[in-house]
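S.K.: Got chain A; can you put chain B on it based on the hints?
There are 2 protein chains.
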Amino acid sequence: MLRVGYPAKLDPSFLDVMPPGVELIALPDDLDHEIAVDVWIPDPLSNRAVRVWPYLRCVRLVLSMMAGTEWIPGTVGTHVTICNAHGAHNIATAEWTVTAILAVLKNLPLFLDIQQSRNWRRRKEADAAYERITGDRRPLHPPVMQEELTAKKVLLVGYGAIGKEIERMLAPFHVAITRIARTGRTDPVVHPVGELDALLPDAEIIILILPLTEQTHGLIGSAQFERMRQGALLVNAARGPIVQTDALIEALNAGRIRAALDVTDPEPPPEDHPLWRCPNLLITPHIGASTPEFARRSLQVAADELRRYMNGEPLHNAVQLAV
Amino acid sequence: MLRVGYPAKLDPSFLDVMPPGVELIALPDDLDHEIAVDVWIPDPLSNRAVRVWPYLRCVRLVLSMMAGTEWIPGTVGTHVTICNAHGAHNIATAEWTVTAILAVLKNLPLFLDIQQSRNWRRRKEADAAYERITGDRRPLHPPVMQEELTAKKVLLVGYGAIGKEIERMLAPFHVAITRIARTGRTDPVVHPVGELDALLPDAEIIILILPLTEQTHGLIGSAQFERMRQGALLVNAARGPIVQTDALIEALNAGRIRAALDVTDPEPPPEDHPLWRCPNLLITPHIGASTPEFARRSLQVAADELRRYMNGEPLHNAVQLAV
Numbered sequence: 001m002l003r004v005g006y007p008a009k010l011d012p013s014f015l016d017v018m019p020p021g022v023e024l025i026a027l028p029d030d031l032d033h034e035i036a037v038d039v040w041i042p043d044p045l046s047n048r049a050v051r052v053w054p055y056l057r058c059v060r061l062v063l064s065m066m067a068g069t070e071w072i073p074g075t076v077g078t079h080v081t082i083c084n085a086h087g088a089h090n091i092a093t094a095e096w097t098v099t100a101i102l103a104v105l106k107n108l109p110l111f112l113d114i115q116q117s118r119n120w121r122r123r124k125e126a127d128a129a130y131e132r133i134t135g136d137r138r139p140l141h142p143p144v145m146q147e148e149l150t151a152k153k154v155l156l157v158g159y160g161a162i163g164k165e166i167e168r169m170l171a172p173f174h175v176a177i178t179r180i181a182r183t184g185r186t187d188p189v190v191h192p193v194g195e196l197d198a199l200l201p202d203a204e205i206i207i208l209i210l211p212l213t214e215q216t217h218g219l220i221g222s223a224q225f226e227r228m229r230q231g232a233l234l235v236n237a238a239r240g241p242i243v244q245t246d247a248l249i250e251a252l253n254a255g256r257i258r259a260a261l262d263v264t265d266p267e268p269p270p271e272d273h274p275l276w277r278c279p280n281l282l283i284t285p286h287i288g289a290s291t292p293e294f295a296r297r298s299l300q301v302a303a304d305e306l307r308r309y310m311n312g313e314p315l316h317n318a319v320q321l322a323v
Numbered sequence: 001m002l003r004v005g006y007p008a009k010l011d012p013s014f015l016d017v018m019p020p021g022v023e024l025i026a027l028p029d030d031l032d033h034e035i036a037v038d039v040w041i042p043d044p045l046s047n048r049a050v051r052v053w054p055y056l057r058c059v060r061l062v063l064s065m066m067a068g069t070e071w072i073p074g075t076v077g078t079h080v081t082i083c084n085a086h087g088a089h090n091i092a093t094a095e096w097t098v099t100a101i102l103a104v105l106k107n108l109p110l111f112l113d114i115q116q117s118r119n120w121r122r123r124k125e126a127d128a129a130y131e132r133i134t135g136d137r138r139p140l141h142p143p144v145m146q147e148e149l150t151a152k153k154v155l156l157v158g159y160g161a162i163g164k165e166i167e168r169m170l171a172p173f174h175v176a177i178t179r180i181a182r183t184g185r186t187d188p189v190v191h192p193v194g195e196l197d198a199l200l201p202d203a204e205i206i207i208l209i210l211p212l213t214e215q216t217h218g219l220i221g222s223a224q225f226e227r228m229r230q231g232a233l234l235v236n237a238a239r240g241p242i243v244q245t246d247a248l249i250e251a252l253n254a255g256r257i258r259a260a261l262d263v264t265d266p267e268p269p270p271e272d273h274p275l276w277r278c279p280n281l282l283i284t285p286h287i288g289a290s291t292p293e294f295a296r297r298s299l300q301v302a303a304d305e306l307r308r309y310m311n312g313e314p315l316h317n318a319v320q321l322a323v
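Residue numbers (our numbering), protein chains in the order written: chain A, 1 to 323; chain B, 1 to 323.
Because the hints were derived from the structure by calculation, they are not lab data.
These numbers come from a predicted model, not from an experiment.
Don't take every hint at face value.
What the hints assert, rightly or not - Below, in silico cross-link-like pairs of lysine to any residue (SDA-like), each with a Cα-Cα straight-line distance of 25 Å or less:
(1) Lys153(B) to Met169(A)
(2) Lys152(A) to Pro172(B)
(3) Lys152(A) to His286(B)
(4) Lys9(A) to Lys124(B)
(5) Lys124(A) to Ala8(B)
(6) Lys9(A) to Asp136(B)
(7) Lys124(B) to His273(A)
(8) Lys152(A) to Thr150(B)
(9) Lys124(A) to Pro292(B)
(10) Lys9(A) to Trp120(B)
(11) Lys124(A) to Ser46(B)
(12) Lys124(B) to Gly240(A)
(13) Lys124(B) to Glu267(A)
(14) Lys124(B) to Pro241(A)
(15) Lys124(A) to Leu112(B)
(16) Lys152(A) to His86(B)
(17) Lys124(A) to Lys9(B)
(18) Lys124(A) to Pro274(B)
(19) Lys164(A) to Pro172(B)
(20) Lys153(A) to Arg297(B)
(21) Lys124(A) to Asp272(B)
(22) Lys153(B) to Arg168(A)
(23) Lys164(A) to Glu167(B)
(24) Lys9(A) to Arg137(B)
(25) Lys164(B) to Pro172(A)
(26) Lys152(A) to Gln300(B)
(27) Lys9(A) to Gly135(B)
(28) Lys9(A) to Arg123(B)
(29) Lys9(B) to Glu148(A)
(30) Lys124(A) to Arg51(B)
(31) Lys152(B) to Arg296(A)
(32) Lys124(B) to Asp265(A)
(33) Lys124(B) to Asp272(A)
(34) Lys152(A) to Gly87(B)
Isolated chain A (complex conformation):
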């Protein structure tokens, strides 16, 4: 009987999809004694998961509920196979990305502030804000209250499953998409990441949706911000450390660019962190994947992978194979 440890807080009904022949073991957050499990489903919050890990014995396989697994290899070492929940977050994360882009272009932060102040006439501020951030001098009339996504130039940095889903959701807006991934390809054309700097100046919207690795750590720094056009919108739907926070703060405070972040570095930013006070910035607290459908989809992916593991079939979503 394969022993599968899962977060005790998880609604057990989500585990109904697990294959027969496994013993399910609930692991409380405050686990304080050693326990042997063959397979570990960590809590989606890594800071909770790392507190449980020291008490686990015999783990051979980690089935993450998340797409990003960058904290796991350093925690569990090289003798454990690690699989992510490939595909389970595509829809939610792509929807967050489209929402974030539209919210910034449509000036929602300003309009929500106006709603709070109950002063409809403050809508005039939108016109000045548009001129300031885009550098597009407008005639006096009619005023510009918000922008269109339609026909914008988008640089999609990362072209895995979520990147492709973002492209699919952007299609009705007839955006001009340029794709970047680790390695270049054709059909469709994907540029290698080495061409990032050359492609940045043309982009009106830059979407980051690539894994955090040694190569992508700090990928966007002051040299990259300098190459961006005035008023470009940087959207980080990936991981905080892909962007150098100090350089981001400088570019925002200089009024050079706009940004929308679901992830930050540090995450969460402490209350006195200067990121909170930057202009032209929308922050959501890492909620991009957390929809009502999330847990069920993730555990379905995990269950399918576990079935392959038990049958000795090739794994689909291994990000590390045990050595």
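M.R.: Same frame as chain A, but now just chain B:
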């Protein structure tokens, strides 16, 4: 020489598209003497336009820059032909609609409030808010931070040019769309407005994008709110008086539904109006159409219509023919 009066504030470069053989006459907001023009392009803000109208003489044709022209017949009478800017607002208004839906489903008002308070841990509030408004009792873990648009049931009330554009932009989200218009049709199926009450209970998102007429005035009142499911999202991208404001306030304050409005009744609501304080409500100050592309597109539509008028061809966008 046909005399065409236009708002003096308008950048004259937008009028480059007007056909030859017309004399362009700038009409200041504070016009205080009579002036004869054959064609009138009113200011997009109707409260400005109605102050100019009493000084105009000889007007035979009104070319509105807007899609909604409901204030014009009562102002200019029946002896004037009125054309709207059909098609010029499709993209911007449809984009606003998609933005508003996503912003509410993704909880952006709460997350922007959290950003202001610089307290990332307040993200927990999203889970309780989700349970409260949808009535969907959730397991303890993982929390629900926001919802997906994908696969939602959408009731599209109004199926003109903008309604069709909204449908096109919603396509990648695989929503189940039910269409309503004044008269029913097939291919695709459009239900007559008389079936509204019967179709309301099934809808998760209700989009209003129909003209304000005697028939649609007050279309959504307490009987309609009562038929909506718990947590339904009402989106008004049309005109404020299509919704009965008192009934809307009651439904919102009872925690029954959610709403996103770009238009209100009264518009603007005075600072002490109870609408401003309603929960689960997103208000933008009638900015749906006001993008950088708006004026140029509207005046292109007006110029094309004027050319047809001058050539004696049938008009494309007449909402009232002079009697």
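S.K.: Hints first: check each against the structure and report whether it holds.
M.R.: Structure-based check of each hint:
The straight-line distance between the Cα atoms of Lys153(B) and Met169(A) is roughly 18 Å, inside the 25 Å bound, and the hint therefore holds. Of the pairs offered as hints, the one joining Lys152(A) and Pro172(B) holds, with about 18 Å between alpha carbons and a cut-off of 25 Å not exceeded. Taking the CA atoms of Lys152(A) and His286(B), the gap is about 23 Å. The hint holds against a cut of 25 Å. Between Lys9(A) and Lys124(B), the direct Cα distance comes to roughly 15 Å. Compliance with the 25 Å bound is thereby established for this hinted pair.
For the given pair, Lys124(A) sits about 19 Å from Ala8(B) by alpha-carbon distance, which is consistent with the 25 Å threshold. Distance check on the hinted pair: Lys9(A) and Asp136(B) sit about 18 Å apart at the alpha-carbon level, within 25 Å; holds. The hinted pair formed by Lys124(B) and His273(A) meets the criterion: a straight-line CA distance of about 20 Å does not exceed 25 Å. This hinted pair checks out: Lys152(A) and Thr150(B) have alpha carbons roughly 23 Å apart, not beyond 25 Å.
Between the alpha carbons of Lys124(A) and Pro292(B) the distance comes to roughly 14 Å, so the proposed pair stays at or under 25 Å and holds. Proximity of Lys9(A) to Trp120(B) is assessed by CA-CA distance (about 21 Å); at most 25 Å being required, the pair is judged to hold. Note on Lys124(A) and Ser46(B): the hinted pairing holds, with a Cα-Cα distance of about 16 Å set against a maximum of 25 Å. With a C-alpha separation of about 20 Å, the suggested pairing of Lys124(B) with Gly240(A) holds against the 25 Å cut-off.
For the proposed pair Lys124(B) and Glu267(A), the alpha carbon gap of about 15 Å is at most 25 Å, so the pair holds. Restraint check for Lys124(B) and Pro241(A): the C-alpha separation of about 24 Å stays at or below 25 Å, so the hint holds. Taking the CA atoms of Lys124(A) and Leu112(B), the gap is near 21 Å; set against the 25 Å cutoff, the hint holds. The straight-line distance between the Cα atoms of Lys152(A) and His86(B) is roughly 23 Å, inside the 25 Å bound, and the hint therefore holds.
Restraint check for Lys124(A) and Lys9(B): satisfied, since their Cα atoms lie roughly 15 Å apart, inside the 25 Å limit. A hinted pair counts as satisfied when its Cα atoms are at most 25 Å apart, and Lys124(A) with Pro274(B) qualifies at roughly 23 Å. Using a Cα cut-off of 25 Å, the hinted pair Lys164(A) and Pro172(B) holds, with the two alpha carbons roughly 12 Å apart. Of the supplied pair hints, the one linking Lys153(A) and Arg297(B) holds, its CA atoms being roughly 20 Å apart against a limit of 25 Å.
At roughly 20 Å between alpha-carbon atoms, Lys124(A) and Asp272(B) fall within 25 Å of each other, so this suggested pair holds. A threshold of 25 Å between alpha carbons decides the hint, and for Lys153(B) with Arg168(A) the separation of about 20 Å falls inside it, so the pair holds. Proposed proximity of Lys164(A) and Glu167(B) is supported: the alpha carbons are some 22 Å apart, at most 25 Å. Between Lys9(A) and Arg137(B), the direct Cα distance comes to roughly 15 Å. Compliance with the 25 Å bound is thereby established for this hinted pair.
In summary, the hint linking Lys164(B) to Pro172(A) is supported, as the alpha carbons are separated by about 12 Å, within the 25 Å threshold. Among the hinted pairs, Lys152(A) with Gln300(B) is consistent with the structure: their alpha-carbon atoms are about 21 Å apart, no more than 25 Å. Simply put, Lys9(A) and Gly135(B) have alpha-carbon atoms about 21 Å apart, close enough for the 25 Å limit, and the pair holds. This hinted pair checks out: Lys9(A) and Arg123(B) have alpha carbons roughly 18 Å apart, not beyond 25 Å.
About 23 Å separates the Cα atoms of Lys9(B) and Glu148(A), which keeps this hinted pair within 25 Å; it holds. A distance of roughly 21 Å separates the Cα atoms of Lys124(A) and Arg51(B); the hinted pair therefore holds under the 25 Å criterion. Distance check on the hinted pair: Lys152(B) and Arg296(A) sit about 17 Å apart at the alpha-carbon level, within 25 Å; holds. Distance hint between Lys124(B) and Asp265(A) is fulfilled; the C-alpha atoms sit about 20 Å from each other, no more than 25 Å.
A threshold of 25 Å between alpha carbons decides the hint, and for Lys124(B) with Asp272(A) the separation of about 20 Å falls inside it, so the pair holds. Between Lys152(A) and Gly87(B) the CA atoms are separated by roughly 20 Å; this keeps the pair inside 25 Å, and the hint holds.
Consistency note: the structure conflicts with none of the earlier hints.
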